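There are 2 protein chains.
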Amino acid sequence: MIARYLPILDWGRRYDRATFGADLLAAVIVTIMLIPQSLAYAMLAGLPPEAGIYASIVPILLYAVFGTSRSLAVGPVAVVSLLTASAVGDVAAQGTAGYAVAALTLAALSGGFLVLLGLLRLGFIANFLSHPVIAGFITASGILIAASQLRHILGIEAGGHTLIEIVGSLLANLGRIDPVTLVIGALATAFLFWARRGLKPALLRAGLAPLPADILTKAGPVAAVILTTLAVWLLGLDARGVAIVGAVPQGLPPLTLPSFAPDLVTQLALPAMLISIIGFIESISVAQTLAAKKRQRIDPDQELIGLGAANLGAAFTGGYPVTGGFARSVVNYDAGAATPAAGAFTAIGLAIAALALTPLIYYLPTATLAATIIVAVLGLVDLAILRRTWTYSRADFAAVAVTILLTLGLGVEVGVASGVLLSILLHLWKTSRPHVAEVGRVPGSEHFRNIDRHAVETAPHLVTLRVDESLYFANARFLEDLVQSRVTEGCGITDVVLMMSAVNEIDFSALESLEAIDARLRDMGVRLHFSEVKGPVMDRLEGTHLLDHLRGRVFLSQHDAWAALAPRHAT
Amino acid sequence: MIARYLPILDWGRRYDRATFGADLLAAVIVTIMLIPQSLAYAMLAGLPPEAGIYASIVPILLYAVFGTSRSLAVGPVAVVSLLTASAVGDVAAQGTAGYAVAALTLAALSGGFLVLLGLLRLGFIANFLSHPVIAGFITASGILIAASQLRHILGIEAGGHTLIEIVGSLLANLGRIDPVTLVIGALATAFLFWARRGLKPALLRAGLAPLPADILTKAGPVAAVILTTLAVWLLGLDARGVAIVGAVPQGLPPLTLPSFAPDLVTQLALPAMLISIIGFIESISVAQTLAAKKRQRIDPDQELIGLGAANLGAAFTGGYPVTGGFARSVVNYDAGAATPAAGAFTAIGLAIAALALTPLIYYLPTATLAATIIVAVLGLVDLAILRRTWTYSRADFAAVAVTILLTLGLGVEVGVASGVLLSILLHLWKTSRPHVAEVGRVPGSEHFRNIDRHAVETAPHLVTLRVDESLYFANARFLEDLVQSRVTEGCGITDVVLMMSAVNEIDFSALESLEAIDARLRDMGVRLHFSEVKGPVMDRLEGTHLLDHLRGRVFLSQHDAWAALAPRHAT
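Going down the list, the protein sequences come from chains S and Z. With my numbering applied, the first sequence covers 7 to 577. With my numbering applied, the second sequence covers 7 to 577.
These aren't lab readings, by the way, just hints derived from the structure by calculation. Misleading hints may appear alongside valid ones.
For identical chains, the list gives no copy identity; a pair is met inside one copy or between any two copies.
To be verified - In silico DSBU-like links for lysine-lysine, alpha-carbon gap of 35 Å or less:
| # | residue 1 | residue 2 |
| --- | --- | --- |
| 1 | Lys206 | Lys224 |
| 2 | Lys436 | Lys224 |
| 3 | Lys224 | Lys299 |
| 4 | Lys436 | Lys540 |
| 5 | Lys224 | Lys300 |
The structure displayed is predicted, hence computed values, not measured ones.
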């Protein structure tokens with residue numbers, strides 16, 4: 007029982023030296039990759055750079071205790087950082103103490119919400135974000151993030167939460183571009199783009215073995231950080247207008263307390279839920295993909311608890327909302343991480359960085375961090391999803407397009423909320439017309455098929471309708487209309503059979519609709535019958551008004567119904 | 007084409023003397039019934055009594071032109087009157103000119119919305135009010151209405167929109183009860199209750215023929231009106247504190263203009279939609295029930311246009327929102343109405359009443375009208391629905407209970423909105439777990455059945471899962487989890503078959519889930535196959551990444567899949 011909520015008890019017992027070696031190597035690689043990324047995402051969230059490092063230490067440790075994935079790496083990620091900036095920016099001004107406290111509160115609320123969902127086993131609610139909505143949202147977020155970081159590359163002040171605002175603000179300030187910053191930013195961006203694609207082949211061609219080549223490639227952002235920091239320091243560029251990170255406190259993550267002032271909680275509750283769900287979806291997708299490669303299982307409800315614990319940890323140690331990141335988890339997996347201990351070692355590496363390395367990044371230009379972000383998030387932008395959904399289904403295309411347009415045009419929160427709403431409405435609209443086929447007998451057999459598609463036998467006085475979906479409030483009335491129009495349009499119909507082989511459930515509304523159908527058919531002198539009602543459905547129907555008053559019969563099989571009813575007037 | 011939007015062209019062409027006689031008799035009976043009812047419902051809506059008469063004249067005529075039901079009687083009804091009072095009460099004080107104008111605007115918005123829904127053929131959105139929500143809402147509304155009318159019976163001032171407010175307000179004013187009003191109100195209520203049940207048998211026992219006995223029973227409320235009016239007039243009770251209707255303008259419905267001030271429209275838009283949908287549902291249920299008795303067809307989309315036209319008519323002739331009423335339509339049907347012309351004759355009857363009879367109701371006590379309302383709405387209260395849904399399904403019970411409690415506790419609008427939301431959430435929750443059964447072969451046959459229920463053959467390396475529902479975003483991830491856990495828990499599994507015989511649709515999210523399942527199974531060295539994919543689904547899947555990259559095969563039948571895969575390791 008305890009082991010269910012503490013997966014560490016399972017893998018911890020079997021930990022050995024070989025696993026330790028694999029985990030340690032993975033941790034070194036991930037740590038190198040995470041240092042610049044953590045600084046950059048903190049900047050994206052509007053927080054001081056150390057918040058990114060802090061958000062990667064205790065959360066990783068807590069996830070290692072409570073999470074079920076062997077490879078997931080938890081910490082700040084781009085989309086959640088953007089959502090944090092948007093939510094916290096609504097309640098406090100960037101750079102104030104209130105801003106940092108609000109970020110802690112957001113992490114605490116998000117953590118509490120995730121743990122609650124996990125304990126109540128409500129992970130399924132994440133399913134209501136359809137893939138097109140998620141894809142549209144991630145793509146639009148990537149564009150928004152990249153656009154918002156351009157100001158650091160250009161060395162100007164600019165702001166805004168929507169694409170129009172951001173672009174407008176950039177254009178208005180174009181005259182104040184700082185040329186030195188632009189050179190640094192442009193070079194860093196170009197180098198990072200090249201490093202993603204070209205560095206590893208170049209290193210391999212230069213005769214390096216694959217493993218070191220791989221590590222060096224992952225260290226590309228670190229190289230950009232070191233080179234641009236050196237350039238600023240040696241050339242004194244900070245005095246010439248290049249924005250730098252500046253003094254970052256040296257030390258382990260501090261103990262911090264989120265505020266639970268009612269006003270703040272009220273304002274942040276909805277964004278916290280949104281961040282939780284979006285983060286959970288990103289995290290669980292990565293975790294399941296990586297787990298499948300080793301035939302491991304992910305327990306979604308326990309994952310909620312693991313992520314919740316990580317966020318609570320972030321809230322009390324100077325961080326901000328975190329989740330399982332795609333890029334870092336893949337790197338962790340590829341580097342050979344065998345257990346969550348790899349995460350713990352990464353946390354130790356980052357703690358060392360927080361203790362020892364922060365003075366070294368004093369001269370780090372923010373343009374370099376912006377370049378790191380831009381290169382990372384442009385990998386999220388997938389406009390091809392528009393074409394793919396268009397060919398497959400117009401409804402799904404609409405969901406993608408609306409989500410992208412509204413996220414870009416009205417901001418992340420409105421965008422994703424509208425996407426969810428649209429998905430649900432389109433689904434309800436589709437299911438409000440249950441698939442119903444009129445069937446007849448395949449001659450000489452016991453099979454019954456759609457009369458529109460097959461040459462089948464029918465009887466003029468007998469209508470058999472095969473209901474292909476469960477009946478519930480949104481589609482039951484459609485069946486009422488369908489039966490009534492079929493019988494009033496036909497001539498001499500005396501018997502209607504509803505073939506229920508595909509009906510798994512009949513809710514109370516549908517039960518009343520069936521009663522209404524029976525009553526109306528009786529008024530028309532027509533008998534209603536059922537065939538092939540599934541066991542559990544039949545159990546439910548026993549003792550209801552419907553069966554007690556039904557004029558027709560319930561046949562075990564459609565063949566029985568045919569045998570009993572078809573010849574009635576044929577003689 | 008024109009005939010589609012003007013059903014009158016169909017029945018009007020075949021109108022003859024016999025139909026005329028039937029319609030005229032029905033009209034006389036309905037007119038007698040409608041006079042006190044119209045006055046009473048106008049009072050319930052917070053409007054002057056003549057508004058109720060006006061709302062029954064032009065709307066009936068317009069419905070006769072545009073509606074498809076032969077028996078539906080359109081006009082003010084209890085629930086819509088309550089909703090009107092609630093919506094208009096939020097924007098203007100009762101008794102002011104603004105109040106009457108807001109009621110007109112509400113009718114105009116509701117009419118416009120209904121016509122729009124009809125033209126766009128969007129009648130299906132009414133289906134999202136499940137039966138339990140409607141039943142709970144109607145029951146709670148009946149209780150609220152009865153409670154709100156008690157003040158007229160007691161002769162005190164009181165108000166409130168929720169049951170607690172109303173009861174509290176009544177209790178606070180109990181000291182001011184007017185004894186004479188109470189005597190009139192109590193006698194009228196008792197008489198009307200008795201008239202509903204006991205009058206007709208008494209008249210029959212007295213030797214009256216059934217038809218006159220029936221007409222006299224329907225005239226019960228008229229008798230109460232006449233007797234109490236005479237009592238007040240002859241005894242001068244109005245001078246002793248009995249509230250009376252007073253002066254009612256004499257004349258045909260006036261031409262009125264609703265206001266379309268942006269503020270007012272914004273405030274009334276949502277209530278107007280709610281009223282439209284609730285009214286449409288009440289109306290269409292009655293219309294379909296009555297139509298079935300004569301094998302007639304109701305076109306739901308055309309009904310929207312008919313009701314919309316009626317409401318637009320009400321907006322421009324001093325009325326307020328109307329719909330097809332249950333009681334009056336049944337009376338109309340029972341009295342033999344054969345075509346919508348019966349409605350037109352009723353309108354003429356009411357026009358005569360508005361022209362000639364209004365001076366006669368000067369001394370009519372409002373307590374009598376309140377008694378009419380109370381007796382009518384208590385027939386709507388159906389608390390047995392709680393027991394019926396409880397035995398049938400807990401989810402439906404929850405929907406009823408929440409709707410009743412919230413409608414009573416927080417008012418009609420919050421109540422019905424919460425009920426709708428709850429219905430949709432419960433439905434989504436249920437559908438987020440698609441029914442999936444693991445199947446095996448019935449020995450010696452080509453049939454495949456659930457392994458938990460039947461003695462069937464299976465092969466240890468082969469897992470066959472029958473998917474019993476269409477796959478879409480909310481349930482696709484559940485399938486991912488299910489397949490992954492089944493394969494990781496099993497031993498030596500090499501092939502998974504998804505039997506798709508019941509899948510009518512696969513949306514883009516589900517397509518991506520199937521791709522993820524395939525990719526993860528491939529990582530585990532397992533092949534994914536499909537069997538019995540329906541034609542339209544297969545057409546969609548052609549050319550997708552899923553089929554292009556599938557390692558396994560698509561089998562026409564599950565039997566083919568079994569024949570190809572089961573013996574693989576058995577040899």
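Quick check: which numbered hints come out false for this structure? Failing hint: just 2.
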